[in-house]
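Novice: Single-letter residue listing:
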Amino acid sequence: MTSTVDGTSSRQVEHATAALLAVHDLTVSYSGDLADATVREVSFEVGQGETVAIVGESGSGKSTVVNTVLRLLDHGAAVRGAVHFAGREVLGLHEKEFRRLRGRQIGFVPQDPTSSLNPVRRIDRQVVEAYRASGLPEHRDQRTWYEQARSLLESVGLVDPSRALRSYPHQLSGGQLQRVLIAIALAQRPALLVADEPTSALDVTIQKTVLDLIDQVKAQSGASVLLVTHDLALASERADKVVVLNGGEVQEHGPSHAVLHAPRSDYARELVGDVPSLNLDKFAAAKRRRPERASADPVLVVSDVRKSFGRGEHRVDALQGVSFLVEAGRTHALVGESGSGKSTLARIALRLEVPDQGEVLVAGQDVARLDRAGLRVARRDLQLLYQNPFTSLDPTYTVGRLVAEPLRRYRIGTRDERRVRVAELVRLVGLDDTYLPRRPAALSGGQRQRVAIARALALNPRLLVLDEPTSALDVVVQAQILQVLVDLQGRFGLSYLFISHDLSVVRQLADTVTVLRSGEVQESGTVEQVFSRPRSEYARRLVDSIPGARLPGADVTADVAGG
Amino acid sequence: MAAISADPTDPTTAPTRTATRTARSRAVPVVPVLVLVVVGLWAVVPGLFTHQDPFVGDPALQFLPPSVQHVFGTDQLGRDVFARVVHGTRPAVLTALFAVGIGFLVGSLTGLVAGFFGGVLDAVLGRFIDVVLAVPSFLLAVIVVVSLGFETVNAAIAVGSSSIAVFARVIRSETLKVKNLPFVESSYLVGGNRFQVLFQHVLPSAYRSVVALAVLQFGVAILNISGLAFLGYGSPPPAADWGLQVADGKDFLYRYPWLVYAPGLVMVATVVSLNKLSRSVGRGR
Numbered sequence: 001m002t003s004t005v006d007g008t009s010s011r012q013v014e015h016a017t018a019a020l021l022a023v024h025d026l027t028v029s030y031s032g033d034l035a036d037a038t039v040r041e042v043s044f045e046v047g048q049g050e051t052v053a054i055v056g057e058s059g060s061g062k063s064t065v066v067n068t069v070l071r072l073l074d075h076g077a078a079v080r081g082a083v084h085f086a087g088r089e090v091l092g093l094h095e096k097e098f099r100r101l102r103g104r105q106i107g108f109v110p111q112d113p114t115s116s117l118n119p120v121r122r123i124d125r126q127v128v129e130a131y132r133a134s135g136l137p138e139h140r141d142q143r144t145w146y147e148q149a150r151s152l153l154e155s156v157g158l159v160d161p162s163r164a165l166r167s168y169p170h171q172l173s174g175g176q177l178q179r180v181l182i183a184i185a186l187a188q189r190p191a192l193l194v195a196d197e198p199t200s201a202l203d204v205t206i207q208k209t210v211l212d213l214i215d216q217v218k219a220q221s222g223a224s225v226l227l228v229t230h231d232l233a234l235a236s237e238r239a240d241k242v243v244v245l246n247g248g249e250v251q252e253h254g255p256s257h258a259v260l261h262a263p264r265s266d267y268a269r270e271l272v273g274d275v276p277s278l279n280l281d282k283f284a285a286a287k288r289r290r291p292e293r294a295s296a297d298p299v300l301v302v303s304d305v306r307k308s309f310g311r312g313e314h315r316v317d318a319l320q321g322v323s324f325l326v327e328a329g330r331t332h333a334l335v336g337e338s339g340s341g342k343s344t345l346a347r348i349a350l351r352l353e354v355p356d357q358g359e360v361l362v363a364g365q366d367v368a369r370l371d372r373a374g375l376r377v378a379r380r381d382l383q384l385l386y387q388n389p390f391t392s393l394d395p396t397y398t399v400g401r402l403v404a405e406p407l408r409r410y411r412i413g414t415r416d417e418r419r420v421r422v423a424e425l426v427r428l429v430g431l432d433d434t435y436l437p438r439r440p441a442a443l444s445g446g447q448r449q450r451v452a453i454a455r456a457l458a459l460n461p462r463l464l465v466l467d468e469p470t471s472a473l474d475v476v477v478q479a480q481i482l483q484v485l486v487d488l489q490g491r492f493g494l495s496y497l498f499i500s501h502d503l504s505v506v507r508q509l510a511d512t513v514t515v516l517r518s519g520e521v522q523e524s525g526t527v528e529q530v531f532s533r534p535r536s537e538y539a540r541r542l543v544d545s546i547p548g549a550r551l552p553g554a555d556v557t558a559d560v561a562g563g
Numbered sequence: 001m002a003a004i005s006a007d008p009t010d011p012t013t014a015p016t017r018t019a020t021r022t023a024r025s026r027a028v029p030v031v032p033v034l035v036l037v038v039v040g041l042w043a044v045v046p047g048l049f050t051h052q053d054p055f056v057g058d059p060a061l062q063f064l065p066p067s068v069q070h071v072f073g074t075d076q077l078g079r080d081v082f083a084r085v086v087h088g089t090r091p092a093v094l095t096a097l098f099a100v101g102i103g104f105l106v107g108s109l110t111g112l113v114a115g116f117f118g119g120v121l122d123a124v125l126g127r128f129i130d131v132v133l134a135v136p137s138f139l140l141a142v143i144v145v146v147s148l149g150f151e152t153v154n155a156a157i158a159v160g161s162s163s164i165a166v167f168a169r170v171i172r173s174e175t176l177k178v179k180n181l182p183f184v185e186s187s188y189l190v191g192g193n194r195f196q197v198l199f200q201h202v203l204p205s206a207y208r209s210v211v212a213l214a215v216l217q218f219g220v221a222i223l224n225i226s227g228l229a230f231l232g233y234g235s236p237p238p239a240a241d242w243g244l245q246v247a248d249g250k251d252f253l254y255r256y257p258w259l260v261y262a263p264g265l266v267m268v269a270t271v272v273s274l275n276k277l278s279r280s281v282g283r284g285r
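As they're listed, the protein sequences go chains A and B. Sequential numbering from 1 applies to the first sequence in the working numbering. Sequential numbering from 1 applies to the second sequence in the working numbering.
These are computed hints drawn from the structure, not numbers from a lab. Here a beta-carbon is modelled for each residue, glycine too, at the ideal position from N, C-alpha and C. One should not assume that every hint holds.
[Said to hold, decoys possible] Some chain B residues near chain A, calculated using beta-carbon distances under 7 Å:
no.: 1; residue: 182
no.: 2; residue: 183
no.: 3; residue: 186
no.: 4; residue: 189
no.: 5; residue: 190
no.: 6; residue: 191
no.: 7; residue: 192
no.: 8; residue: 197
no.: 9; residue: 201
no.: 10; residue: 204
no.: 11; residue: 205
Pulled out of the complex, with its shape left as it was, chain B reads as follows:
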């Protein structure tokens, strides 16, 4: 039998890029995770990263440009900007977490109930969600914080409640998908009641869809809370909020740009990293 051997130069036998590409896209994004780990450590143990006091400055050291002693330079009161950024991380991260927590819990519950029970309840909650979605979320947050009072916790509540609708919408559609799967019907057949089915079958399957969204919303919350702080709707000075620092620095932007750029870039790096991470979480599901 004459063997027909493959031509060694046949282009189709060459392994291609696809394999390496899939391997890379499956991996955890390294740089974003590193950024987030550093930011997380700043929030937990700021003292490890800087020994300078974020609140008390030395007037003699006003407006020093970035140097080895002062990585991000100093501000108009001679305070170390790096120290202020590091110490400002904890309130920024905590309020953002709180805000996302509110949106996640209330929004998920609303969407879950609306999607699962359907009917009138879904119609009412659905229209409510539509209305909330129609209002720009930052504007909504401003309205809430103005009516509750200027404070960090209120800013978190404001930002969180403006993201409720987003969470509700996503988990509602996921619930609609899951509740019609055979395994849900099957759990009724083996004697489950509606609440058991809702919380023990539908919820565990549906909540995964909002995990990626929660990570994404965490970044949005950091931006919105900083925005509120920038407008003066957060903690009053001398707090070290990132948004407040940008607000303080904007008066000196032309001559001492590091006052705005340092906290601004940290914020950008954090939010971009969160977006990247959210995308890989969403894909990993």
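Same shape as in the complex, but just chain A:
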């Protein structure tokens, strides 16, 4: 390990002499008052041919830094400090002069590819627009543009570039659009490529191919990359250097291996300890402490469920004969990318959708065929934790009322008994009485999700469906919420049906797993089996796509990982 660090730092010394982008003591304030700044005294350098990752949670200021470098801030924002690009101060540059750098020298790959292309213009026109602006000698002849665009799109791995050029953005998938955007950014042969969370809107397997593409492009063109991400594992895997931001300040700054393996700041240490893919066995001890299975009967049995939407040529077979079961007091994960049918399956288990065929047995009862009264009784055992706590809690309700609502609806206890129960529930999820009169707007994302858990637990359900419960949350908060869930399972013998696209979280939390793709089961088994010896090609690809999987010390297949 020592040799790795030495190798990286010596490489860094080489680059430091020729920093392409140097940000020095950058302070940015949106309010115009520098004493109340969003970003404070941030400094870092990006050397020639180097990849530097800015890592931080939402609100850490990482996008602000990027927008300042690209000079895309609001006019009202106040900026202090210096940004040098290729030896030239750019903050003071006139917009007209800077426009010659932005795009031509500094390419930009945005976060959400689906909203970053003009929906009413064909791809070819949007690529050609970059040629027209570039002023490069090879783009002088308009007649060659089409051929150039074709080979450009081919070089970013689009299978049928002619078809892509003829398409409108809505006719391409998110991964294809991101390739187009990377192609457009590359069209002008920039010296620096700025990528703002380039993969967070994409599925995991596509994430990996897009990041591979950026790496490959960088290797070919010798460009530098400034990568913005919330994922420390991804950052350390892809970048030479990592800048960890929190609350607008640089917490740590150094070669990625050093930050990952010997973090110096408290915040970076916490982050390294919380990133799921670096701590696959974080909850192993807690899981072992759970009681033996209370009963041999599974809580939920789904057998041969089929569901299709639409008719005729618009018919989509969302589920094509899916079966799995959830053991009592254990966690079963449904894994798949968007469109795999995992959410439909969760909704069917909760009877928010009715399957076309098949059985959904909860405690021996077929939920899919219950009448209204029967369903009302069955729902007490079946609760859902939503993905996004920002929309799943009624903003007009107080926390106390939100948690008490299930009790009121089922007329459980007297008013005073309910009050006691609500206070108890809120304490279970790590909050206290002072939160009861607050409304969701006064809570953070993690606190909201805790309230949502308390609400879901109010009726003592046997099965809790977790629909990507942490995907809207930051890493540190995610780890806390997962901890709460694991603890509650140990205490009350809850069973979880855990829906996720994040394999490392699945690896941490679940006991058994079903891998879905296009409504079909690709593989199922215990988490250890599927992760260490995936039998299907698709599962293998998913496991490979876990960021950080290839990092030393984060062996996915190892039973006890360091961290």
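With chain A's structure known, arrange chain B on it following the hints.
Specialist: This is chain B only, laid out in the frame that chain A set:
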């Protein structure tokens, strides 16, 4: 390490106008609120503002121009115009409130039910709303008041019912938006039935959208009711309705313009203030 300090004359470090601009736009509009407070007080305690009788005039004091004794002058019967405007506030405000109340309640309920239950009910109510919206609201109000009889209450009903469609349309679209949010589904999952969900979750979230509209419609109602009074579809003279005063004064407009301008300007000030307030309420949400 060589420090690269920021150039003190760097234009980008200078704080800009945005901050002050946001602060100003967030504040309550002061002048409109003052106007509305005064108008409100006129309606509640007119006696505080004028000691003159709005109905009994002194023929010797006919057509006096505005002066210290008679701020807005006097009319053809020697009555103090200011006193008539102040005393005319209460009926104007009350009928407008009543009208907005009708539109707000009936319209909101219609829109809420149509948006929430959807299907056939929405189709029927929706077409009904479309038809009502297609008829000019003032014309509709005239038709209603003519068939109900000339009286202030009927004028309020007329104006209110013509605004039902506007309220219904707005709250229907808001309901459609809210009813698909996860927290609504979540309340079904914890055992709520449709009516509990409708009145305890959807309504509290959706009604806010019509509050700003209600303020705006209040101004519209004042104008429409005055319009009806002007045409003689409100309370008969010698009532001090603003619209009626304008109607009375129009015969003397050329020589004694204050008879029309005084009540007219008060009306304009009130309605413009309500519009301003409505905009800041709408933005504040």
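Novice: All hints, please: hold or fail.
Specialist: Verification of the supplied hints:
no.: 1; hint: 182; verdict: holds (4 Å)
no.: 2; hint: 183; verdict: holds (5 Å)
no.: 3; hint: 186; verdict: holds (5 Å)
no.: 4; hint: 189; verdict: holds (6 Å)
no.: 5; hint: 190; verdict: holds (4 Å)
no.: 6; hint: 191; verdict: holds (3 Å)
no.: 7; hint: 192; verdict: holds (5 Å)
no.: 8; hint: 197; verdict: violated (10 Å)
no.: 9; hint: 201; verdict: holds (5 Å)
no.: 10; hint: 204; verdict: holds (4 Å)
no.: 11; hint: 205; verdict: holds (6 Å)
Taken one by one, the earlier hints fail for this structure only at number 8.
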